[in-house]
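Engineer: Sequence:
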Amino acid sequence: LPTFSASTQGPAIDDINVLAHWLMAILFVGWGAFFIYTLFRFRASKNPKADYQGIRSHFSSYLEGAVGVIEVVLLLGFAIPIWASRVNDVPKGPDAVHIRVVGQQFAWNIHYPGPDGVFGETSVDLVDEVENPIGLDRSEEFAKDDIFTVNQLHIPVNTPINISLSTKDVIHSFTLTELRVKQDAIPGMEIPVWFEATMTTDELLEEIKGTAREGRGFEIACAQLCGLGHYRMKGFMTIHEMDDYEAWLAEEQEYLSEEEEDDWGDDW
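The sequence shown begins at 1 in our numbering and counts up by one.
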């Protein structure tokens, strides 16, 4: 992982990773020491005659049972409920930005609602891998002002981002390494993913000056082997200040209007 995180949840995820590795190190040292102790304690010179009865005490059975009970309590009583509340606590207020992300072999399709804030309808019958990869129905009322891009995700900084993640074909894994975001996209499911970025792209580029990745901004990776072209399934994320993000949306709307005028001229 990068030495810095660019999201509100990043530090907590880093901390739990560090804690987990410390616990694994303690277990490794403890069990290693116990193993070495048993090699010396029960070596052949000290035990020339084999004992075929084995352990007579039930202490180890009680200990194993207690460990099992504790693990079940931790899993069912804490881990699953806490994670479920975190995943399902999707920001839906007026300040949140809602975006659809649709994975496919081998690209990320990004779908933004227009100024009306409502996603237009999509249809499999309208899918065109070149012109309309998400099958957006431009004749539908709410779809007229929708924006979609391919492999280009734009979001504002310090703003809750609510992503509805899906896939057109196989399992993909939507990954934003610097933001500590990773979620599998499962065929037939729309999965919520939410986060809040704390660093703009300009700030990232300044942070990584003089390092091996100088000049490279935020990337969208697929962390699930999804076919022969998996290696090239890469997108790019630009994190703006809010004013710059709104300017980008306005620019895209202007481009969309020009495109509609061109289409109207062709029909005429």
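Simulated from the structure, these hints should not be mistaken for laboratory data.
Yeah, the Cβ is synthetic: ideal placement off N, Cα and C, and Gly gets one too.
Check before you lean on any hint, since a few could be wrong.
Unchecked claim - Within a straight-line C-alpha distance of at most 27 angstroms, the following computed DSS-like cross-link-like pairs (lysine-lysine) qualify:
{"hint": "1", "residue 1": "K92", "residue 2": "K182"}
{"hint": "2", "residue 1": "K46", "residue 2": "K144"}
{"hint": "3", "residue 1": "K168", "residue 2": "K209"}
{"hint": "4", "residue 1": "K209", "residue 2": "K234"}
{"hint": "5", "residue 1": "K168", "residue 2": "K144"}
{"hint": "6", "residue 1": "K168", "residue 2": "K182"}
{"hint": "7", "residue 1": "K92", "residue 2": "K168"}
{"hint": "8", "residue 1": "K182", "residue 2": "K144"}
{"hint": "9", "residue 1": "K49", "residue 2": "K92"}
Stated by the list, open to error - Derived Cβ-Cβ restraints for the label pairs, each shown as a range:
{"hint": "10", "residue 1": "L228", "residue 2": "S85", "range": "33 to 41 angstroms"}
{"hint": "11", "residue 1": "V118", "residue 2": "V29", "range": "54 to 62 angstroms"}
{"hint": "12", "residue 1": "V29", "residue 2": "D169", "range": "20 to 28 angstroms"}
{"hint": "13", "residue 1": "K46", "residue 2": "H21", "range": "14 to 22 angstroms"}
{"hint": "14", "residue 1": "N132", "residue 2": "V72", "range": "45 to 53 angstroms"}
{"hint": "15", "residue 1": "V72", "residue 2": "T211", "range": "21 to 29 angstroms"}
{"hint": "16", "residue 1": "Y231", "residue 2": "V118", "range": "33 to 41 angstroms"}
Engineer: Are there hints from earlier that the structure breaks, and if so, what are their numbers?
Structural biologist: 2, 3, 8, 9, 12, 13, 15
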